[in-house]
Structures are given as C-alpha cells and as structure tokens.
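K.L.:
My request is simple: use the sequences and hints to build the entire structure.
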Amino acid sequence: MLTMRHQPRPSPRPHEAMQQMKAEDREKKPKFCINDHIDILIEILKHLDGPSLGVASSVCRLWCTIARSDSIWEHLCFRHVSSPPPSSLRTIVVALGGYKELYMVCVRPVLSRLLHSDLVRSSVWTRDEVQLSLSLFCVDYYERRLLGDTSPSSLMFLCKPVNV
Amino acid sequence: MSLYSSGTSAASSAGSSVSSTTKPSEIDGLLAGAGYRVRSSDLRHVAQRLERLDAAMVNSPAEVSQLASDAVHYNPSDIASWVDSLLSELNQTASLPSDLPELPELMVGPGLNQTVLAEDAWTDHDAPQHQQLNNQFPVMTAMEEDSGIRLVHVLLTCAESVQRGDLAFAGSLIEDMQSLLTRVNTSCGIGKVAGYFIDALSRRIFTPQGVGFGGGVGLDPAYENEVLYHHFYEACPYLKFAHFTANQAILEAFDGHDCVHVVDFNLMHGLQWPALIQALALRPGGPPLLRLTGIGPPSPDGRDSLREVGLRLSELARSVNVRFAFRGVAASRLEDVKPWMLQVNPKEAVAVNSIMQLHRLLGSEPSRNSPIEMVLGWIRNLNPKIMTVIEQEANHNQPGFLDRFTDALYYYSTMFDSLEACTLQPEKALAEIYIQREICNVVCCEGSARVERHEPLAKWRGRLGQAGFRPLHLGSNAFKQASMLLTLFSAEGYCVEEKEGCLTLGWHSRPLIAASAWEAPLALPDANSPAAAPGIFVNPHSNPPINSL
Numbered sequence: 001m002l003t004m005r006h007q008p009r010p011s012p013r014p015h016e017a018m019q020q021m022k023a024e025d026r027e028k029k030p031k032f033c034i035n036d037h038i039d040i041l042i043e044i045l046k047h048l049d050g051p052s053l054g055v056a057s058s059v060c061r062l063w064c065t066i067a068r069s070d071s072i073w074e075h076l077c078f079r080h081v082s083s084p085p086p087s088s089l090r091t092i093v094v095a096l097g098g099y100k101e102l103y104m105v106c107v108r109p110v111l112s113r114l115l116h117s118d119l120v121r122s123s124v125w126t127r128d129e130v131q132l133s134l135s136l137f138c139v140d141y142y143e144r145r146l147l148g149d150t151s152p153s154s155l156m157f158l159c160k161p162v163n164v
Numbered sequence: 001m002s003l004y005s006s007g008t009s010a011a012s013s014a015g016s017s018v019s020s021t022t023k024p025s026e027i028d029g030l031l032a033g034a035g036y037r038v039r040s041s042d043l044r045h046v047a048q049r050l051e052r053l054d055a056a057m058v059n060s061p062a063e064v065s066q067l068a069s070d071a072v073h074y075n076p077s078d079i080a081s082w083v084d085s086l087l088s089e090l091n092q093t094a095s096l097p098s099d100l101p102e103l104p105e106l107m108v109g110p111g112l113n114q115t116v117l118a119e120d121a122w123t124d125h126d127a128p129q130h131q132q133l134n135n136q137f138p139v140m141t142a143m144e145e146d147s148g149i150r151l152v153h154v155l156l157t158c159a160e161s162v163q164r165g166d167l168a169f170a171g172s173l174i175e176d177m178q179s180l181l182t183r184v185n186t187s188c189g190i191g192k193v194a195g196y197f198i199d200a201l202s203r204r205i206f207t208p209q210g211v212g213f214g215g216g217v218g219l220d221p222a223y224e225n226e227v228l229y230h231h232f233y234e235a236c237p238y239l240k241f242a243h244f245t246a247n248q249a250i251l252e253a254f255d256g257h258d259c260v261h262v263v264d265f266n267l268m269h270g271l272q273w274p275a276l277i278q279a280l281a282l283r284p285g286g287p288p289l290l291r292l293t294g295i296g297p298p299s300p301d302g303r304d305s306l307r308e309v310g311l312r313l314s315e316l317a318r319s320v321n322v323r324f325a326f327r328g329v330a331a332s333r334l335e336d337v338k339p340w341m342l343q344v345n346p347k348e349a350v351a352v353n354s355i356m357q358l359h360r361l362l363g364s365e366p367s368r369n370s371p372i373e374m375v376l377g378w379i380r381n382l383n384p385k386i387m388t389v390i391e392q393e394a395n396h397n398q399p400g401f402l403d404r405f406t407d408a409l410y411y412y413s414t415m416f417d418s419l420e421a422c423t424l425q426p427e428k429a430l431a432e433i434y435i436q437r438e439i440c441n442v443v444c445c446e447g448s449a450r451v452e453r454h455e456p457l458a459k460w461r462g463r464l465g466q467a468g469f470r471p472l473h474l475g476s477n478a479f480k481q482a483s484m485l486l487t488l489f490s491a492e493g494y495c496v497e498e499k500e501g502c503l504t505l506g507w508h509s510r511p512l513i514a515a516s517a518w519e520a521p522l523a524l525p526d527a528n529s530p531a532a533a534p535g536i537f538v539n540p541h542s543n544p545p546i547n548s549l
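Note that the protein sequences, when read in sequence, are chains A and B.
Okay, so the first sequence: first residue is 1 according to the UniProt record's numbering, each after it adds one.
Okay, so the second sequence: first residue is 1 according to the UniProt record's numbering, each after it adds one.
Honestly, the hints are just simulated from the structure, not real lab data.
Just so it is clear, the structure is predicted and the values come from calculations on it, not from any experiment.
We put the CB at the ideal spot given by N, CA and C, even for glycine.
The calculated label-pair distances, taken between Cβ atoms and stated as ranges, are:
no. : chain 1 : residue 1 : chain 2 : residue 2 : range
1   : A       : G97       : B       : P426      : 23 to 29 Å
2   : A       : R79       : B       : K338      : 49 to 55 Å
3   : B       : W378      : A       : T91       : 37 to 43 Å
4   : A       : G50       : B       : R307      : 37 to 43 Å
5   : B       : C259      : A       : S58       : 48 to 54 Å
6   : A       : G97       : B       : R203      : 43 to 49 Å
7   : B       : K338      : A       : S87       : 41 to 47 Å
8   : A       : G97       : B       : G465      : 43 to 49 Å
9   : B       : D258      : A       : P86       : 16 to 22 Å
Counterexamples of contact, computed for chain B against chain A with all Cβ distances above 10 Å:
no. : residue
10  : L156
11  : L334
12  : R368
On the chain A side, residues computed to face chain B include the following (Cβ under 10 Å):
no. : residue
13  : P86
14  : I92
15  : A95
16  : V110
17  : R113
18  : Q131
19  : L132
20  : L134
21  : F137
22  : C138
23  : Y141
P.N.:
Next comes the structure, spelled out in structure tokens:
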C-alpha cells in the first residue's frame, strides 16, 4: 500500500527520459518531410527499379512528377553499364521516344531475357547490349511511324517467352 | 529387323519366344509394313500407353535424357511391351493422368521429332531406318510415324517420276499422298511441309504453263509480297540476323568516311536502315552524310511506295540529326538496273547491300554475259567499299529436278520446324505463306519464271571470287551481336556459326542463311606500280570498336 507523501521528484527511469527528450525535440526542431528535400528524394528514387518507380509515382503529385521524369529513367537504363554513355545519346533517345519508353520497351525485356541465358552473367552489361537495345528501339520507333496505328510486333518476341 | 512377340496382352515382358500364335490377319497391316507387330485389337491400348509415357516424360525431363543416352531398348517392334518397359523405367512416382480420355484421334508428337525422324528416312530411300528411329523419342504413335515416312517416300517417288517425264504415274501418286495426308497431323511437322510440297507438285503436274504464283484476289503482287515479307521478318530471326549483320559490316566499312552511299537491292519497307542510321548518329566524330538508294519493283496505280519509304527514313534521320538523302529506283528485275541510275559520286564510300537478291539473276547453266556476270561487273566498277551478300544456304539450282526437290524438302522442313516456336499470329501464318511461295517457285517453275535459284555459300565464294571480289571477314562484333539477337528470340535451336569470316544462322546445326561481306579492290593497271591501291592491305580486325558508350 502506497502512502502519498510529499517527496522530492524521483530521478526518471531511462525510457521515461527518452520520451521526455523526444517530446522536447519535437517542440524545438521542425518536422522533417522528405518532400521538402527534392534532391535527396531524387537520389533515393534513382535507386529504385522499374516496378518500384511505378509504385512510387502513385504516392503523391510530387513523387509522380519526379518518378516520371526522363532523367530518372535515364539513370535506370544505364545504371548497370560499365562505362557512361556519350552525351550525344540523349538527343537520340529523346527523339525516339524518351528513356522511360526505352526502358519499358527494350532495356527491361532485353536485360531480363539475357540474364536468363548464359550470355550475361552479372547484372552489368556492356555497350554491346546497350547498342542492341538501341537498335531494336529504333526499329520499333520506325515501324510505329511507318505502319501508323497498328502496333508493330517487331519487339513482341521480347515480351513473350517461348517454350520450345 | 523384325522380332516376334508372343505376348498375348500388352503387359508381356521383353525377350519373347520366336513362334507367334496370333493369326497374321490380326496384325495391323500398316504397322507391319513399318516393321512393328501390333495387333489391331491392341492399337487403342498401345496408344493409351504412349500417352501415359508422354505425360511421364514431360513430368520428368531429367530421366528422359538419361533414357535417350543410357537406356538399351529391347524388342522395339513389340511396341506394347516396349512402351511398358519404358514406363516402368521412369519413376513410378511420375504423375499419370488419372483417367485416360477416349481416343478420338491418335496422339501427335512435337513437330521436331516428326521431322527428325523423317530426315533419317531420307538417308536411305529404300529401307526405312527403324533402328535409328527407335533411338529417338517416339512421342507420336507408330501409325502416324509410319504415315509420315510413307509421305516422304511417295513424295520422292513422285518427284523422280516427274523428272523421268512420267506425269501420269506422278499424278496417281498425288492422289495417294492426299489420302496419306488425312492420316497425319497437317498442322505441324512433316504433315504441314508435305502438304505444301504435294500442292506444289500437283501444280507442276496439272497446270504446267503459267505456274507463277500469281497475286491474290486482285491485289498487287508486289504489295502482297511486301506484306508477307514483313511478317516473315517478324515471325523468325532470319531477316533480322541478315539486317543486323550487314549493318555491322557496313558500319565498320564506313569508318572514317564523311560521305557514304548505300545501295539496297531490295528496299521493301526499309526495315534494315533505321538501325544503321541510329548507329551512324552515335558514332564518335559524328554522323556522315548518308545517301540511300533503294531499288524495288514499280508500284501500279500511281502509288510511289519507294518514295513513301524514303520519306519515313528521312523523318527518322532528321530526328536523330543525320544528314540524309534518299533515291528510289523502280525496276522489276535487278538486271534492268543500270549503274547510271544510282548516281554514285566517285568521292563517296559505297556499300552495296543484297539480301536474297543475287540468286534471282542466276540461270540454269553458266553462260557468257549472263545477267549475274553483268550485274557483278557493274557493281565491281562502282568500287564499293563493301558488298554485303546474304543468301539462303541451300542448293536449289541443281539441274536435276529430283536433287532440287530433295534438297528443298530437307531445307524447308528445317525452316518450318524453326517456325514452330513462333507464337505470334497472324505473323506466323503469313510467314508460312511467304515460305510456301518460295517452295512453289523452286518446285513448279522452270526457265525464267524460276527465280529462287539458291546456291550454297561455297558456290557464291567461287562466283564472287571469279568476278574480282575479295572476301572481307565479318568481325567478332557481328558474331556477338548475332548471338545476342538469337538469345533474345529464346527459342533454343537457332545457332550462329562462323566459317572463314562468314556467318551462318541455322536451326539445330543445319545452316539456313549465310551472310558474307566482300570488297572490290581498285584494279591495278600495272602490277609493278608503286602506287598501291589503298584497298589492298585492309586488315578488318584493326577497326576500332563501333560505338564507345
């Protein structure tokens, strides 16, 4: 049975001390919101893979804008290339439809298909794979322009795995 | 060859006594002709067992490969007991279908097996090679297998009688074959290919004149051909391989030149050129001025299809900042093209690109001033930096009809086999029609109507060497690119091979298309002249990499 006596305030136990400190911190420092630090946000988003970027674009408008910007996808396309691509590449890719298109239509299927085979053992790929992806991308772009509305299936063989 | 079984039921074991108590009339006649002894009453049972075997094999692929290499098969003519012994060899835990369906029709095996089995039969026309057959996987019923082999035999007999001139007999064989066709699966494998060849033979026999594969229902045949060609491009990798390999060689040859000119002997939709334009755009030092001259058949009713293609290519070149100029040359035959129509500038580097066009210039026998010599002559006089030649790797220009026919049967069976892997429709169906037209031309046509005069690479080497061309080795970049391209197709069975600087693409070690590159060195007026032509000491392997990315 506890008797209430006036006693000097006892020293706080450790976890109580922590809670007290946090409360004080919250009052003193402003809240940290990632959306206020776009450069950090971009850096983080750069490390995501394609599907995750898609999910990220559903978070909020800011994330959507960033996740859809071509520069993030450019980074994604060449993240695993051993040497950086030349600056002339950007004009061409943009003219042919942009990096996101390049990734979705070519880079992703080519990479996954090659990884399944023995040709590319690690996830690093060389300029040969990049060049091939670009060529296929270019042919696809040309077919779309030439044939008009009908969606060309030149690259469909990439999407549909074949079981022989 | 035939071993007798004394089994009264299908569950008898191997190693049986010699005498058979079954009456000959109960043994199935067709199978007996193929060397198998199965009672007619047992047929359904045997077929069911084969289905179970098929299911068991599908479920345990590892053991199947062991079966192929290690297992010893006893008494294969007694299919029933043999299948049972296989079933027991595979693990009992393999899941078998719980209730076997009633058999409305016999089971069909994959097309490859049927073709491979049929190929063995061609090596010896007189006696079916049953021992060889039994070393394969008999995943189809014996009855179908037999009908497939018979079809091939009758086809060859028919071709031989056509060569002899005995058209009446050949015609009767056509009827036999059409009835045999009802017993095989004509949607794949040997049935499908045989169907096309039977059709071609009957055209030859019954409508000897005017057997050009005429255009469809009022459509322009050139336009039709373009559409079919496009679907052939999509359905299988042969044309893609051709384009990419030729582009790589052309790219390497154009290195260091600022004005380049490509002459395409068959423009079609110009599908080859976007990739080259893009690669030139990315080359270190910037793109050259690219001129493209596309040759193609004239289009009727005012449509200028060549110009339309040129416009699209120009648009593409403009968007990637490559200076580009296009010229179309309409000609129905390649020999009608004269070099002045190409307007080649002496200062530019010229590349001549021929994808399955040169063989159309050949005739039945070599003659002086033949179209091929004339065309090769003016190509040589253009002094091209490179000429890329892609041709079918087949011998379809032999004088004897039977030889041509046999080679074509083998070649196109392999090609159809490779097409089985394609699942895109309608690409696959239209690609098959495209191939069917080639078959018809090889089989039905003669004289100037027969344009599909394919010759193997060895013959082209000789011909081009005699015309003054020197081979250029396709480098390792081309090989790597081709291998990567094939991996993307992910249908295992395609193979790229390199042979003396040329690349071939084939299906299961049968090359079907060959790519080579040639140059025409400047003719020296005097062998002792100190001013050696710059083209003589070319070392293609010292070319720098194409796109340093």
